[in-house]
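Novice: One-letter residues, chain by chain:
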Amino acid sequence: MKSFSNTYIFIYVSILVVVMVVLLSGLTLGLKSRQEMNFAADKASQILRAAGYDEMSGKDAADLFAKVAVRGEGEKECYTMQCADGTTGSVVRVDGKGLWGPIWGYVVIAQDGETIKGVTFSHKSETPGLGANITEEKFQSQFVGKSLYDAAGRPTSVRVLKPGREPQVAAANRVDAITGATLTSNGVDAMLQQLPALLDSNRQTQLIAR
Amino acid sequence: MKKYLGPLSKENPILVQVLGVCSALAVTAQLKPAVVMALSVTVVCALSNLIISLLRNTIPSRVRIMVQLLVVSSLVIAVDQFLQAYVFEISRMLSVFVGLIITNCIIMGRLEAFALSHPPVPSFIDGLMNGLGYGLVLVVVGTIRELLGSGTLWGCQVVPQAFYEAGYMNNGLMILPPMALIIVGVLIWILNAKQNKVK
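Protein chains in written order, with our numbering: chain A, 1 to 210; chain B, 211 to 409.
You may find that some hints are simply not true.
Straight line, CA to CA, 27 Å or less: simulated DSS-like cross-link-like pairs of lysine-lysine [claimed, not checked]:
#, chain 1, residue 1, chain 2, residue 2
1, A, Lys-138, B, Lys-242
2, A, Lys-32, B, Lys-242
3, B, Lys-213, A, Lys-43
4, B, Lys-213, B, Lys-404
5, B, Lys-213, A, Lys-124
6, B, Lys-242, A, Lys-59
No lab work stands behind these hints, which were simulated from the structure alone.
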């Protein structure tokens, strides 16, 4: 291979970088609308599943979601939607920190304002097989029917705890953490602590709106 | 033509050169992501070989690794964008492993060993064959793991319900990464025994 001058190398690499950047930007812009549609449909299908609907994906989910859910006003993204059993529920978005990156989810709350009808969690980069299991049905189904208030009516939210830890928390206010994923479980626990305050603030915004 | 078929058997990137094993273990719990990953690596490997081969006389050797990385990472980002736009579910399943194709040793290895010193068409075929050789192993391992671990293939139930009623159980170990390592090990053993390389 022949040798090249520094100027040549500098110009060569610069041109190559610019060409690649232009090509990639073009591609990203071209595919953006499709990707955003996919993200929206994915979110819709997750919230629908939490509200008790059957598993569906893609356009079906997006269409159904547009039909049954109405975007509400609030500090965080929230919706009022018709659940699969015909009752009205409110959906709140929660955000938190996992072990490696952000985690988030949507919680569907029944009309009484305290019973959880379903949850769905997502994560950016939790460990597959451990922390990533917060997206599994097995973990999420534990939340169904749990209450955000304790027997005395104090807002406790739902705690994610190892069995045996903090025995004063009643069974109606706790679910089992994931073995081997303590930090992710703690992240979910902390994330859900926002719930009572979020619901309050949403309720107030709605009252003001009225 | 025969010299290009090496990667499918006795020069297989995973089984003989033991490259690209990390992703082979991670994405083979089910057949569908394994096939998509195999196709992605094949596309990136073939196209990067082609591009580097076209540029080979203009690339300054002092910065050739940087130029290679630039080409490979651009292609990988393009593939990732396509997956997100057209097979969203699977792109979620593959998560970080699409991005990690950039560091797949098979691709850099072929660029260094072949594309830099050969004309475009043979380079393209070489990249294609190495990608397919990698893909072949992924498909074999993915088939074994999904069949024995979940009783399904391509997401469809293939082990009849009657088997489960008679007491058959899915092997949970199959869907964990260690079992992929063991299967790859067994495949290496079979290949070595067939070629009688280990005396």
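Novice: Within 27 Å, alpha carbon to alpha carbon, are B:Lys-213 and A:Lys-43?
Specialist: Not satisfied, since the Cα-Cα distance of roughly 49 Å exceeds 27 Å.
Novice: B:Lys-213 and B:Lys-404 were given as a pair; does the straight-line alpha-carbon distance stay at or below 27 Å?
Specialist: Satisfied, since the Cα-Cα distance of roughly 19 Å is no more than 27 Å.
Novice: Can the restraint linking B:Lys-213 and A:Lys-124 be considered satisfied, given a maximum Cα separation of 27 Å?
Specialist: Cα-Cα ~43 Å, so violated.
Novice: Given the proposed pairing of A:Lys-138 with B:Lys-242, does the C-alpha separation stay at or below 27 Å?
Specialist: Roughly 23 Å separates the two Cα atoms, so the pair holds.
Novice: Check the hint pairing A:Lys-32 with B:Lys-242 against an upper bound of 27 Å on the C-alpha distance.
Specialist: holds (24 Å)
Novice: Could you grab the alpha-carbon distance between B:Lys-242 and A:Lys-59 and see if it respects the 27 Å cut-off?
Specialist: holds (21 Å)
Violated hints, listed in ascending order, are 3 and 5; each of the other numbered hints is respected by the structure.
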